[in-house]
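Could you put the whole structure together from the sequences, leaning on the hints where they help?
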Amino acid sequence: MKFVDEFRDPHKAQVLLQEIQGLVKRIPICGERPIWIMEVCGGHTHTIFRYGINKMLPKEVEFIHGPGCPVCVLPRGRVDDCVALAERNEVIMTTFGDAMRVTGSKKSLLQAKADGADVRMVYSPLDALNLARVNRDKEVVFFGLGFETTMPSTALTILQASQEGIKNFSIFCNHITIIPTIKAILDSPDLQLDGFLGPGHVSMVIGLEPYTFIANHYRKPITIAGFEPLDILQSVWMVLKQLSERRCEVENQYKRIVPPYGNSQALQAIQEVFELREFFEWRGLGSIDHSGVRVREEFSAFDAEQKFPIPNLKIADPTSCQCGEVLKGVIKPSQCKVFGTACTPQNPLGALMVSTEGACAAYYNYGWIPEEDLYPAKTSV
Amino acid sequence: MKVRLNNMSHRSLTSSQPASSRANPLFGSTIKDQRITLAHGSGGKAMRDLIQNLLVPTFNNPILEKLEDQATIPLKELLQHGDRLAFTTDSYVVDPLFFPGGNIGELAVNGTVNDLAVSGTRPLFLSCGLVIEEGFSLETLTQIVQSMKHAADGAGVSIVTGDTKVVEKGSADKLFINTAGIGVIREGVSIAATKAQLGDAIITNGFIGDHGVAILLARNELALEANVQSDTQPVHDLVSHMLDVCSHIHCLRDATRGGLATVLNEFASASNVSILIKEPNLPIRESVRGACEILGLDPLYLANEGKIVVAVPSENAHELVDAMRQHPMGKDSAIIGSVKASPAGTVMLSTTFGGTRIVDTLVGDQLPRIC
Numbered sequence: 000m001k002f003v004d005e006f007r008d009p010h011k012a013q014v015l016l017q018e019i020q021g022l023v024k025r026i027p028i029c030g031e032r033p034i035w036i037m038e039v040c041g042g043h044t045h046t047i048f049r050y051g052i053n054k055m056l057p058k059e060v061e062f063i064h065g066p067g068c069p070v071c072v073l074p075r076g077r078v079d080d081c082v083a084l085a086e087r088n089e090v091i092m093t094t095f096g097d098a099m100r101v102t103g104s105k106k107s108l109l110q111a112k113a114d115g116a117d118v119r120m121v122y123s124p125l126d127a128l129n130l131a132r133v134n135r136d137k138e139v140v141f142f143g144l145g146f147e148t149t150m151p152s153t154a155l156t157i158l159q160a161s162q163e164g165i166k167n168f169s170i171f172c173n174h175i176t177i178i179p180t181i182k183a184i185l186d187s188p189d190l191q192l193d194g195f196l197g198p199g200h201v202s203m204v205i206g207l208e209p210y211t212f213i214a215n216h217y218r219k220p221i222t223i224a225g226f227e228p229l230d231i232l233q234s235v236w237m238v239l240k241q242l243s244e245r246r247c248e249v250e251n252q253y254k255r256i257v258p259p260y261g262n263s264q265a266l267q268a269i270q271e272v273f274e275l276r277e278f279f280e281w282r283g284l285g286s287i288d289h290s291g292v293r294v295r296e297e298f299s300a301f302d303a304e305q306k307f308p309i310p311n312l313k314i315a316d317p318t319s320c321q322c323g324e325v326l327k328g329v330i331k332p333s334q335c336k337v338f339g340t341a342c343t344p345q346n347p348l349g350a351l352m353v354s355t356e357g358a359c360a361a362y363y364n365y366g367w368i369p370e371e372d373l374y375p376a377k378t379s380v
Numbered sequence: 000m001k002v003r004l005n006n007m008s009h010r011s012l013t014s015s016q017p018a019s020s021r022a023n024p025l026f027g028s029t030i031k032d033q034r035i036t037l038a039h040g041s042g043g044k045a046m047r048d049l050i051q052n053l054l055v056p057t058f059n060n061p062i063l064e065k066l067e068d069q070a071t072i073p074l075k076e077l078l079q080h081g082d083r084l085a086f087t088t089d090s091y092v093v094d095p096l097f098f099p100g101g102n103i104g105e106l107a108v109n110g111t112v113n114d115l116a117v118s119g120t121r122p123l124f125l126s127c128g129l130v131i132e133e134g135f136s137l138e139t140l141t142q143i144v145q146s147m148k149h150a151a152d153g154a155g156v157s158i159v160t161g162d163t164k165v166v167e168k169g170s171a172d173k174l175f176i177n178t179a180g181i182g183v184i185r186e187g188v189s190i191a192a193t194k195a196q197l198g199d200a201i202i203t204n205g206f207i208g209d210h211g212v213a214i215l216l217a218r219n220e221l222a223l224e225a226n227v228q229s230d231t232q233p234v235h236d237l238v239s240h241m242l243d244v245c246s247h248i249h250c251l252r253d254a255t256r257g258g259l260a261t262v263l264n265e266f267a268s269a270s271n272v273s274i275l276i277k278e279p280n281l282p283i284r285e286s287v288r289g290a291c292e293i294l295g296l297d298p299l300y301l302a303n304e305g306k307i308v309v310a311v312p313s314e315n316a317h318e319l320v321d322a323m324r325q326h327p328m329g330k331d332s333a334i335i336g337s338v339k340a341s342p343a344g345t346v347m348l349s350t351t352f353g354g355t356r357i358v359d360t361l362v363g364d365q366l367p368r369i370c
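Going down the list, the protein sequences come from chains A and B. Under numbering that gives the first Met the number 0, read the first sequence as residues 0 to 380, first letter to last. Under numbering that gives the first Met the number 0, read the second sequence as residues 0 to 370, first letter to last.
Because the hints were derived from the structure by calculation, they are not lab data. Check the hints yourself; a few may be wrong.
[Stated by the list, open to error] With a straight-line cut-off of 25 Å between C-alpha atoms, the simulated DSS-like cross-links for lysine-lysine are:
{"id": "1", "chain 1": "A", "residue 1": "LYS112", "chain 2": "B", "residue 2": "LYS173"}
{"id": "2", "chain 1": "A", "residue 1": "LYS331", "chain 2": "A", "residue 2": "LYS182"}
{"id": "3", "chain 1": "B", "residue 1": "LYS277", "chain 2": "A", "residue 2": "LYS1"}
{"id": "4", "chain 1": "B", "residue 1": "LYS339", "chain 2": "A", "residue 2": "LYS54"}
{"id": "5", "chain 1": "B", "residue 1": "LYS330", "chain 2": "B", "residue 2": "LYS277"}
{"id": "6", "chain 1": "A", "residue 1": "LYS54", "chain 2": "A", "residue 2": "LYS11"}
{"id": "7", "chain 1": "A", "residue 1": "LYS112", "chain 2": "B", "residue 2": "LYS277"}
{"id": "8", "chain 1": "A", "residue 1": "LYS240", "chain 2": "A", "residue 2": "LYS106"}
{"id": "9", "chain 1": "A", "residue 1": "LYS54", "chain 2": "A", "residue 2": "LYS24"}
{"id": "10", "chain 1": "B", "residue 1": "LYS277", "chain 2": "A", "residue 2": "LYS58"}
{"id": "11", "chain 1": "B", "residue 1": "LYS194", "chain 2": "B", "residue 2": "LYS339"}
{"id": "12", "chain 1": "B", "residue 1": "LYS44", "chain 2": "B", "residue 2": "LYS173"}
{"id": "13", "chain 1": "A", "residue 1": "LYS106", "chain 2": "A", "residue 2": "LYS254"}
{"id": "14", "chain 1": "A", "residue 1": "LYS137", "chain 2": "B", "residue 2": "LYS168"}
{"id": "15", "chain 1": "B", "residue 1": "LYS148", "chain 2": "B", "residue 2": "LYS164"}
{"id": "16", "chain 1": "B", "residue 1": "LYS164", "chain 2": "B", "residue 2": "LYS44"}
{"id": "17", "chain 1": "B", "residue 1": "LYS277", "chain 2": "A", "residue 2": "LYS54"}
{"id": "18", "chain 1": "A", "residue 1": "LYS11", "chain 2": "B", "residue 2": "LYS277"}
{"id": "19", "chain 1": "A", "residue 1": "LYS331", "chain 2": "A", "residue 2": "LYS112"}
This is the structure in structure tokens:
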């Protein structure tokens, strides 16, 4: 398939892997402990496991799976609120596919649907707006979630609805922003990290500048990475190259998509429609200042939180759940005490088991093959 | 409260009431605007007309024509084909009813024929249970029933008994079909999911995921277009041809809902072995790959309606694949993997890219990812 297979070329992968093996030897900490690279984005986690990249890299390089799965970090209380909205008689709740399965304290949207709520899967908020146009007697609510990747499409949909004067459309806004969260992770005292793979599609919107504090202040190299397997390998190579040369910079591997200054129209739409919340609750990580956005006052007619009564209950994460430690890279998913026992994709206890982009679900579905079964004589540097 | 109307079987209504010789309103000059009403399931004249003027003449066989409460099949006839009876049932609730490459009627015949065929069975007789939503178009029903007959003829089976229910509007989504089937298993053949053995080759008979993508696109919700046809086809003749070449096939199943990945997991788990499949060897159409890329789906889990997965001793694999490729239902057959010892109960995929991953059973439906 054109424009896809080029980025999955096994021969190029071998060349990169050889280069990576050579680089690893030149990194000072090599031999003392693994080199830890955090992929921030859930899309990267998915690619890493889907193509088995974690098993192709030398043992000295380990991925720490970051907080960049917006479905996973949604707190249970917010899901409960969404279910409560969906269960209102007049509401058609619309949502992206993988948000249907994430459970609140009682149920998921999928279960609410089975109980009679009108919940529909859409591929775009514009599909939701269309539902509002053809169901004038209903209130169509879009479960808006995601980072800066999906924020512009929600913003533009609200602008469109406003322009058309559509009265029966609103969003339940759970959009979050990545930078304060990376900062919170970097400030975590129990964290050990050597570098980052930066989120490609978020950066397509926000550009490279917002990441400079990571290189300048925290002295960690970061490479903005694409989502094909060769993108990931090349980005790992770029981070290792920086480490071997003792550089800390923001580099852009995903130049074919990410312009250095982002997308000004998308940023403008976000700016026009949303404003920062003082704080937002993250599943597993707790409350993080300025990490979420809400709909601005002037568009409150499209804000489900203004339009409908919302229970707005805070539900604590289950005590046995160690999602927070996994998100910060303190433990690996398989080291969590409920991984694969009390917490499985069938019955997810923690958020990271819910979406296929969640680190735990990826580990569970793709990742736990014993080493000896995979590579009896795995190459090591 | 929803009311479901309990009707009688085709036979009980009609045998005591011979077809009227008067002009029949059901099949007057045009059936175009005619709708199925609750009367068509009420046990009265309307139902008799539906059975006598549509179902019996379309399915057209002497066993059904007797219109007894049950189909009567001489055992002698069955014994010609083998030494054991195989019996299966499946219900078909596909939306939309018509899709590129077929419709629910063909599916309802081929699906059940295939469930029989994969045990080495010669499928012989089917039943047909229709659950129709009030208001359903008679013209569409006629088309679907004719497709069933066409598929039954193609598979060499007869539809010999049946039942019709009409439910109130909203109590069913247009039309549901249940078919049960019986057939006879060839002597000496013993196929089971528990029989995969170390070293066995894994074979499939062609492109996977076509049906799943065809249905998704036919729903018209995705603003995507691709020329993908459902692969609905009966595989009994292919299986019979395969057994002629290799009578000791270990495992054989049709990969319908849950796709190739689900069947392979069933083999691995039942036989307590590991199955390793190779991504470069998987037959997947470019259009199916493309749709999956855009929608964030994995073709390994997409439904098929005429694809089988086989485990055979490796020494027979090449001869078998060559023979399968000679058959119209198997011309794109390929060896896609092999059976290993460990990790037992697990299916693994070695990717084109050079990595290896687990291919687990799906928890529920595949849900597209957010971004």
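Hints, one by one, checked against the model:
{"no.": "1", "hint": "A:LYS112 x B:LYS173", "in the structure": "holds, 21 Å"}
{"no.": "2", "hint": "A:LYS331 x A:LYS182", "in the structure": "holds, 21 Å"}
{"no.": "3", "hint": "B:LYS277 x A:LYS1", "in the structure": "holds, 21 Å"}
{"no.": "4", "hint": "B:LYS339 x A:LYS54", "in the structure": "holds, 19 Å"}
{"no.": "5", "hint": "B:LYS330 x B:LYS277", "in the structure": "holds, 20 Å"}
{"no.": "6", "hint": "A:LYS54 x A:LYS11", "in the structure": "holds, 17 Å"}
{"no.": "7", "hint": "A:LYS112 x B:LYS277", "in the structure": "violated, 38 Å"}
{"no.": "8", "hint": "A:LYS240 x A:LYS106", "in the structure": "violated, 46 Å"}
{"no.": "9", "hint": "A:LYS54 x A:LYS24", "in the structure": "holds, 18 Å"}
{"no.": "10", "hint": "B:LYS277 x A:LYS58", "in the structure": "holds, 24 Å"}
{"no.": "11", "hint": "B:LYS194 x B:LYS339", "in the structure": "holds, 13 Å"}
{"no.": "12", "hint": "B:LYS44 x B:LYS173", "in the structure": "holds, 22 Å"}
{"no.": "13", "hint": "A:LYS106 x A:LYS254", "in the structure": "violated, 41 Å"}
{"no.": "14", "hint": "A:LYS137 x B:LYS168", "in the structure": "holds, 22 Å"}
{"no.": "15", "hint": "B:LYS148 x B:LYS164", "in the structure": "holds, 19 Å"}
{"no.": "16", "hint": "B:LYS164 x B:LYS44", "in the structure": "holds, 14 Å"}
{"no.": "17", "hint": "B:LYS277 x A:LYS54", "in the structure": "holds, 16 Å"}
{"no.": "18", "hint": "A:LYS11 x B:LYS277", "in the structure": "holds, 19 Å"}
{"no.": "19", "hint": "A:LYS331 x A:LYS112", "in the structure": "violated, 34 Å"}
Hint violations for this structure: numbers 7, 8, 13 and 19, all remaining hints satisfied.
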